[in-house]
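A.B. asks: This is what each chain is made of:
Protein chains: 2
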Amino acid sequence: MEDIKTYMQQIGQQARAASRVMAMADTNTKNRALTEIAAALQNQSAQLLAANARDVAAAKANGLDAASVDRLTLTEKSVRTMAEGLLQIAQLPDLIGAISDLSYRLSGIQVGRMRVPLGVIGIIYESRPNVTADAAGLCLKSGNAAILRGGSEAIHSNQAIASCVHIGLRAAGLPETAVQVIATTDRAAVGELITMKDYVDVIVPRGGKSLIARISDEAKIPVIKHLDGICHVYIDDEADLDKAIRIADNAKTQRYGVCNTMETLLVAQGVAAAVLPRLCKIYLEKNVELRGDDAARALVPQMKAATEKDWRTEYLAPILSVRVVSGLDAAIEHINTYSSQHTDSIVTDNYTKAMRFLREVDSSSVMVNASTRFADGFEYGLGAEIGISTDKIHARGPVGLEGLTSQKFIVLGSGQIRT
Amino acid sequence: MEDIKTYMQQIGQQARAASRVMAMADTNTKNRALTEIAAALQNQSAQLLAANARDVAAAKANGLDAASVDRLTLTEKSVRTMAEGLLQIAQLPDLIGAISDLSYRLSGIQVGRMRVPLGVIGIIYESRPNVTADAAGLCLKSGNAAILRGGSEAIHSNQAIASCVHIGLRAAGLPETAVQVIATTDRAAVGELITMKDYVDVIVPRGGKSLIARISDEAKIPVIKHLDGICHVYIDDEADLDKAIRIADNAKTQRYGVCNTMETLLVAQGVAAAVLPRLCKIYLEKNVELRGDDAARALVPQMKAATEKDWRTEYLAPILSVRVVSGLDAAIEHINTYSSQHTDSIVTDNYTKAMRFLREVDSSSVMVNASTRFADGFEYGLGAEIGISTDKIHARGPVGLEGLTSQKFIVLGSGQIRT
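Top to bottom, those sequences are chains A and B.
Position one of the first sequence corresponds to residue 5 (the working numbering), numbered consecutively onward.
Position one of the second sequence corresponds to residue 5 (the working numbering), numbered consecutively onward.
Next comes chain A alone, as it looks inside the complex (with noise of 0.2 Å):
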């Protein structure tokens, strides 16, 4: 235990000595750095793919289900797609040091802001080993140093990858201590880097629920996180009901296991009729489980009675919760009352209440015609994302290279006093 807190602490350090370095790296040496990970990765695909093997034969082993075995598996593609995630990092505009808003005030002094990085990201995650490529990537293109803690079923998978990267680093001049994998799999590791606030500025956790409560419990520093999934499409009563159909078809059908999938539908009561049987013969089709209230029942027979828990639970799974509302106050109280936050689509064509929904849906990613699964950092134009924030500080839904940075303010002068 005293041995994990010394090593962590001499990562911790590590990481806070390279950041400096890392916040001052120019553009260039940063792409140099990401394609140089990426052609690394691309070089020792054999090599990283027999420690892989070593992760999964152990998994499999020590009787890991089979959705985790297969995140956990990589692939030759897999590895190609990692580096190509690399290179379009290499791509996407380097945001740090940019200078905006940059005036004059009467008192003569120029005020503006500068964009910097925040500084050491820890960043958590489960089985996918690619995440320790990803994150690596985007903490670097940010100007950040990386504290990367993977899980322990693809500790071999992730220490392959991180030679990877310290290739790259190193190719390009920059301090392989800017990414550091953990190499214990000790839980203790995890209590210590989520409380070093000298040594970390935000630690972003991914995986599953409890794994990211008890981190967002413990930590002594600011967690860019989401704990639920709960989205909900809206059928207002002015809606283009193929439209309609089509986006709550997708929202729920296209994948199940996603935080961006609708778990809850509602229907406005005026659309219920003409809507919902149509739209539960596709679920049914797709053998999707519906639950629903009363009304909704009464339209479509094969449907459960849903309980109030019903409206609580991201199912993850071909399972929907079906509500007829009576309109659009109905629709957004439903919302604001039972969604994670993350991510609700209204379908209709009245443009006020379309407005109205956007202004008062308090959730990270809120829609007007269109599917939730469009809540992505890709979909979004973002590049990339190291995670998604229903939390309002900071950053809000899909978080790219900007939430790994912050502003600060520069005041340009030439010789002016405050009177």
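Keep in mind that the hints were calculated from the coordinates and are not lab data.
Cβ coordinates follow ideal geometry from the N, Cα and C atoms, glycine included.
Take these hints with a grain of salt, some might be off.
What the hints assert, rightly or not - Have a look at the derived ranges for each label pair, beta carbon to beta carbon: (1) Asn-66/A to Arg-109/B: 20 to 28 Å; (2) Gly-177/B to Gly-274/A: 27 to 35 Å; (3) Lys-308/A to Asn-32/B: 13 to 21 Å; (4) Ala-217/B to Gln-306/A: 57 to 65 Å.
Put chain B on the given structure of chain A with help from the hints.
C.D. replies: Using the frame of chain A, we list chain B on its own:
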């Protein structure tokens, strides 16, 4: 204790409910409330001063020090200043609902951001009752609800100001619970306030370092704060010495007890002999105690010896530590080691050094050829400030209305689904 918990939970629930109304309030309604509060403060000036007199009498009877009694005392002029401050906030642009960066993506959706309030702001402050009006005004204009907890010595003054705030809110048709002033002086109320995650979105503590450190340590909610203002001026060897002396004099002596006052002066070796005797003569005439390193003391014999502790001390008093450094690199190194990341300034006519200082000094405000005393919401054009942040997350430097807001993503589609 159980009563306090119940009381605070109720305050929290009311604030959360009021925050939903405030978030939707239009600009005109919010400005109406601000002008009505200003009018009420003026109309009830006599009652206000009477309530304040009770606090002042009690404070004197309890042996409060003269400076604190001074901060506590209201006058007709300070009531007028409070009212004027609210009218100024009414003049500021309303940021809420503003949409930025709305642009099309390849999928056909438009993605942008809408500025929204944070929700409920908890503000904890010490003896100055004017904070009650200022903070209420800033929270109101930014569409937030506020829970205010002033110093126990100002309880009657704060309650009297609160009743004016409520008159104004009522006149504008807004809920009185949008601004609640905690009516108990029991310290347990603060403990509740800073841990009610469900009801409070951010805490802004204003006051002495020990208060802020304690709150920051115990809070379960994000805190916007600064602990210290250990600010530096670095006089480079290519500085205009007249400007340098004017700035260094102003940064130290214009006001001693505030956070943006210089506490350590750094002087480049090459100009130390030319600048320090002239500058220190001014300080000594103003009875500023000087504490320097050996090189500085060799030039100014009246200087005491500085210790390591001096570099880390915010004097908030007519005391200045002075260090002679070899040049820019040593200055930046000293600042990044000892600065509290509040405000640091370089005096130089060299372009490259100015740019390096701006980029490399990791503080909330970084200045060239200007007095550190400019680090202030009014001077920066923010209109007013709720506080100053030396943290990196969410807001750095003076925090005005924008710091009390966040941005959510909005997506405008015409039936798009994800493929």
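A.B. asks: Please go over all the hints and tell whether each is borne out by the structure.
C.D. replies: Here's how the hints hold up against the structure:
no. : hint                               : in the structure
1   : Asn-66/A to Arg-109/B: 20 to 28 Å  : 42 Å, violated
2   : Gly-177/B to Gly-274/A: 27 to 35 Å : 31 Å, holds
3   : Lys-308/A to Asn-32/B: 13 to 21 Å  : 48 Å, violated
4   : Ala-217/B to Gln-306/A: 57 to 65 Å : 60 Å, holds
Consistency with the previously given hints fails for numbers 1 and 3, ordered from lowest to highest.
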